[in-house]
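Engineer: So you can see what is in the structure, the chains are spelled out below.
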Amino acid sequence: MNARTETRNFWLLVAIGGGVTLAGLGAAWLMEEHGHAITGMDNQVVWGLPHVFAIFMIVAASGVLNVASIGSVFGDAVYKRRAPLSGLLTLALLAGGLMVLMLDLGRPERIIVAATHYNLTSVFAWNVLLYSGMFAIVAIYLWTMFERRFNHWSQAAGVAALVWRFVLTTGTGLIFGFLVARQAYQSAVLAPLFIVLSFGWGLAVFMLVQSALFAWNGQSVPGPVHRRMARLLGVFVAAALYLVAVYHLTNIYFARQHAFEAFVLLGRGDGGSGFATLFWLGFVALGSLLPLALLFHPRSSARSVLAASLLVVLGAFAFLFVFIIGGQAFPLEIFPGYQVSSSFGDGAIAQYRPSLPELLLGLGGVGAAFLLTTIGVRVLDFLPRDDKASAGAKGGD
Amino acid sequence: MSKPHNAARRGFLGTAAAAVGGVMLAPGIQLIEVAQAATPGASAKVRWGMLIDTTRCASGCTDCVTACNTENGLAPPARSTDPQWIRKVEIKEIKTGRAASLPVMCQHCAEPPCVDVCPTGASFKRADGIVLVDRHSCIGCRYCMMACPYKARSFVHEPLADQRPDVPRGKGCVESCTLCVHRIDQGDKTTACAEACAKAGHGAIVFGDLNDPQSEISRRVRAVASVALRADLRLDPGVRYQGL
Amino acid sequence: MTPPRSAFGASPPGGVSPHRASACALASGWRTPCDMQVARRRQRTGRAGSAASAWLRWQLLGRSLVLALTGCLLPAVADDGRALWPTIEKPAKGAQCVEDTATMRRQHMDLLKHQRDDTVRGGIRGAKHSLKDCVGCHAGAKTGSVAAAPGDFCVSCHTYAAVTIDCFECHTGKPAAVAQRKP
Numbered sequence: 000m001n002a003r004t005e006t007r008n009f010w011l012l013v014a015i016g017g018g019v020t021l022a023g024l025g026a027a028w029l030m031e032e033h034g035h036a037i038t039g040m041d042n043q044v045v046w047g048l049p050h051v052f053a054i055f056m057i058v059a060a061s062g063v064l065n066v067a068s069i070g071s072v073f074g075d076a077v078y079k080r081r082a083p084l085s086g087l088l089t090l091a092l093l094a095g096g097l098m099v100l101m102l103d104l105g106r107p108e109r110i111i112v113a114a115t116h117y118n119l120t121s122v123f124a125w126n127v128l129l130y131s132g133m134f135a136i137v138a139i140y141l142w143t144m145f146e147r148r149f150n151h152w153s154q155a156a157g158v159a160a161l162v163w164r165f166v167l168t169t170g171t172g173l174i175f176g177f178l179v180a181r182q183a184y185q186s187a188v189l190a191p192l193f194i195v196l197s198f199g200w201g202l203a204v205f206m207l208v209q210s211a212l213f214a215w216n217g218q219s220v221p222g223p224v225h226r227r228m229a230r231l232l233g234v235f236v237a238a239a240l241y242l243v244a245v246y247h248l249t250n251i252y253f254a255r256q257h258a259f260e261a262f263v264l265l266g267r268g269d270g271g272s273g274f275a276t277l278f279w280l281g282f283v284a285l286g287s288l289l290p291l292a293l294l295f296h297p298r299s300s301a302r303s304v305l306a307a308s309l310l311v312v313l314g315a316f317a318f319l320f321v322f323i324i325g326g327q328a329f330p331l332e333i334f335p336g337y338q339v340s341s342s343f344g345d346g347a348i349a350q351y352r353p354s355l356p357e358l359l360l361g362l363g364g365v366g367a368a369f370l371l372t373t374i375g376v377r378v379l380d381f382l383p384r385d386d387k388a389s390a391g392a393k394g395g396d
Numbered sequence: 000m001s002k003p004h005n006a007a008r009r010g011f012l013g014t015a016a017a018a019v020g021g022v023m024l025a026p027g028i029q030l031i032e033v034a035q036a037a038t039p040g041a042s043a044k045v046r047w048g049m050l051i052d053t054t055r056c057a058s059g060c061t062d063c064v065t066a067c068n069t070e071n072g073l074a075p076p077a078r079s080t081d082p083q084w085i086r087k088v089e090i091k092e093i094k095t096g097r098a099a100s101l102p103v104m105c106q107h108c109a110e111p112p113c114v115d116v117c118p119t120g121a122s123f124k125r126a127d128g129i130v131l132v133d134r135h136s137c138i139g140c141r142y143c144m145m146a147c148p149y150k151a152r153s154f155v156h157e158p159l160a161d162q163r164p165d166v167p168r169g170k171g172c173v174e175s176c177t178l179c180v181h182r183i184d185q186g187d188k189t190t191a192c193a194e195a196c197a198k199a200g201h202g203a204i205v206f207g208d209l210n211d212p213q214s215e216i217s218r219r220v221r222a223v224a225s226v227a228l229r230a231d232l233r234l235d236p237g238v239r240y241q242g243l
Numbered sequence: 000m001t002p003p004r005s006a007f008g009a010s011p012p013g014g015v016s017p018h019r020a021s022a023c024a025l026a027s028g029w030r031t032p033c034d035m036q037v038a039r040r041r042q043r044t045g046r047a048g049s050a051a052s053a054w055l056r057w058q059l060l061g062r063s064l065v066l067a068l069t070g071c072l073l074p075a076v077a078d079d080g081r082a083l084w085p086t087i088e089k090p091a092k093g094a095q096c097v098e099d100t101a102t103m104r105r106q107h108m109d110l111l112k113h114q115r116d117d118t119v120r121g122g123i124r125g126a127k128h129s130l131k132d133c134v135g136c137h138a139g140a141k142t143g144s145v146a147a148a149p150g151d152f153c154v155s156c157h158t159y160a161a162v163t164i165d166c167f168e169c170h171t172g173k174p175a176a177v178a179q180r181k182p
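Residue numbers (numbering that gives the first Met the number 0), protein chains in the order written: chain A, 0 to 396; chain B, 0 to 243; chain C, 0 to 182.
In case anyone wonders, no lab produced these hints; they're calculated from the structure. The structure presented is a predicted model; accordingly, all values stated were derived computationally and were not measured. A virtual CB, placed ideally from N, CA and C, is assigned to each residue, including glycine. Careful: at least some of the hints might be erroneous.
Pairs of lysine-lysine, BS3-like flavour, derived with a Cα cap of 30 Å [claimed, not checked]:
#, chain 1, residue 1, chain 2, residue 2
1, C, K127, C, K112
2, B, K124, C, K131
3, C, K141, B, K44
4, B, K124, C, K141
5, B, K44, C, K127
6, C, K173, C, K127
7, C, K127, B, K188
8, C, K127, B, K124
9, C, K141, C, K173
10, B, K44, C, K173
11, B, K198, C, K141
12, C, K141, B, K188
13, C, K173, C, K131
14, C, K173, C, K112
15, B, K188, C, K131
16, C, K131, C, K112
17, C, K127, C, K141
A partial selection of chain C residues facing chain B, derived with a Cβ cut-off under 10 Å [what the hints assert, rightly or not]:
#, residue
18, A67
19, R105
20, D117
21, V119
22, K127
23, K131
24, D165
25, E168
Examples of chain B residues lying across from chain C (beta carbon under 7 Å, computed) [unchecked claim]:
#, residue
26, T38
27, A41
28, A43
29, D184
30, D235
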């Protein structure tokens, strides 16, 4: 590919990413003008599709930095070469996810209030500090990797980034874990669950982006490298499946959680079996078991590994949809042991249908992450170099 | 530096200091005078609460809901996006078949989960126990709605107009029952729902100061068995229910 | 130093050229450096006089146009009450404001901001700087509000000063009906 074609392709990608981002911004403006009434959210399901996108991106942002951590903290050479790209993806995904979250607020023009008034008993307030700090730490980490004079600092920065992102992902899990009222949440296991989910989702996203970048550049990821990462992804997917199983098994053990588990796992209730189908088919079968088969099969190829990564990402969306929206759709149990009805939807499973503005807003965040990655890779030297000539670059092997 | 000079100097300085002090204090004295014209404000000595006698609640009666909507300028709810500060809930025990009807609103907990989770501190508990949303700080994140065990909070999904002057409310913020704080602050002794229920002759709702042992509500909760909703959560709500 | 290798291009646009002169020429669009010198000489001699007077003429024309337009627009008041200057409708009651005009102009936002916390968090109502009382006095006669039409009290000044207020997204701009305060 000559320079002219490459330049043209770059601007084409920027146009696509920019267009999707603009569509998202337009949807956010519509929501701001007309209120959330134009979305599918209501007083029962208060967090909808935009939150599914946002939380996926934030969790994946934390997990994608894993690649860099394995490189910098544990000194693995293969992963060390990939650390800058991993850092860039962290920043891009975090920016995209936060963009969606902030634009979905009822009053997005009051971000400055959120940035200046902190109620420190709130996980959300911690997260504002943690996310801002994450940007700073990853930026410094990238700088230590790019600036030759500071290469010896990159391990310390990598450790700092590792610790920070553990706290951050714990905070993300505890957003839900601290909600004592909801049967879907109120569990301490959500913190480690989100950390393990972040490992898998982050690595899947990294592998997809890495393969795409290499393909654009007319190269391919070296076989051994690809196989190592594929096996690691398999381990993460299995670990996530284990923690989800533990979470549900514990719930099933408690009599007071039976109704909720029947709703989520078996589809009982007037809400229909949508959430149960999405959970078993979307997350367990297509999002976990099939990728495991693809990743650990003795004759797995690069293509099947990529298919597995894509399935893991789709499974992530299925999981988050069931977790976030299903968790809200199930009614609060204000009167245990009673059949309840009211004008406010008490006792009834809420019907939620995602609307176009929500979908566009969520995709807009993905577009923003895509745009930032595209521009970043074009402007700076993020592409991992696996050939022997790369000795001496990026802090040495 | 003879004695008379010193005395004169000290005298002058003393007078000057007194004069300056007086000038500085005077505006403060004036402000105190003005402040007395306003209402005294919330006091920690008081804890506002409600006792609801569900045996006097008729299924299908919505007098309290109508009164609340009128008082606070809420439109009658038509869709699931419309705010409801108070609603009548019909319950039937699954095992025994015993039915009851009761109004549910913000329970004004002493340990409110909504206050713990609000990132900006907009959801707060006032000194007198009323849990409110400061709409000047609310960013509309809806986390408090996720946290509330009673589904007490509503989000304003649409632009509003012609709000009641005492009850400002607007699009993008979260809101819930305020125990008619605008009336209570101005010396009123009851809320709109309790007043309407009493006027209609049902007398199911009693409002008062739980910290005052001589108030009607305190005497009633001492005399009859009453429970808090979701008492297992140990939130210590200010609203209690009799006959459940 | 080798240019950065990125996924979508081998080198940054423009590239690095060994000949500075030709690179400059390329950038500026001229074919040779000679042409640039000729153009500069032309500007300095001969054409200078006519260029200067043309510039003067354009300046005079432009400035007088601006003056005329401004003069025309100054007293303009549209039918909907919109004006270039804020139209301050005097409160009908003729009562005095709680602060003098200069103080109010400079500090009303701080006074209101302080008062709102006292009211919402402290429960103090009817204080000196209560927004409800402001609205009670300043609501316009035509619309009965301080923020409904462009000519109304709050909106008029704020439009002139180009400062957004979102008080009236939640607060009504219309005064409360006269009511006795309960004891």
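Engineer: Double-check B:D184 for me: the hint is only fine if its C-beta lies closer than 7 Å to a C-beta in chain C.
Structural biologist: holds, 5 Å
Engineer: Are the Cα atoms of B:K198 and C:K141 separated by 30 Å or less?
Structural biologist: violated, 38 Å
Engineer: Compare the distance between the alpha carbons of C:K127 and C:K141 with 30 Å, and conclude whether the hinted pair is satisfied.
Structural biologist: OK: C:K127 and C:K141 at ~26 Å, within 30 Å.
Engineer: Is the shortest C-beta separation between B:A41 and chain C less than 7 Å?
Structural biologist: Cβ of B:A41 sits 4 Å from chain C, so the hint holds.
Engineer: Can you verify the interface hint for C:E168: is its Cβ closer than 10 Å to any Cβ in chain B?
Structural biologist: holds, 4 Å
Engineer: Does the alpha-carbon distance linking C:K173 and C:K112 stay inside the 30 Å limit?
Structural biologist: holds, 20 Å
Engineer: Using Cβ atoms only, decide whether C:D165 comes closer than 10 Å to chain B, and label the hint accordingly.
Structural biologist: Cβ of C:D165 sits 8 Å from chain B, so the hint holds.
Engineer: The hint names C:K127 as touching chain B; please verify it with the least Cβ-Cβ distance against 10 Å.
Structural biologist: Since the shortest Cβ distance to chain B is 5 Å, the answer is holds.
Engineer: Taking 30 Å as the top limit, are the C-alpha atoms of C:K131 and C:K112 close enough?
Structural biologist: Within the cut-off at roughly 13 Å; holds.
Engineer: With a cut-off of 30 Å on the C-alpha distance, tell me whether B:K124 and C:K131 pass.
Structural biologist: holds, 23 Å
Engineer: Please verify whether B:K188 and C:K131 have alpha carbons no more than 30 Å apart.
Structural biologist: Holds, at roughly 22 Å.
Engineer: Could you grab the alpha-carbon distance between C:K127 and C:K112 and see if it respects the 30 Å cut-off?
Structural biologist: holds, 13 Å
Against the hints set out earlier in the document, violations occur for numbers 3, 4, 10, 11, 12, 18, 19, 28 and 30.
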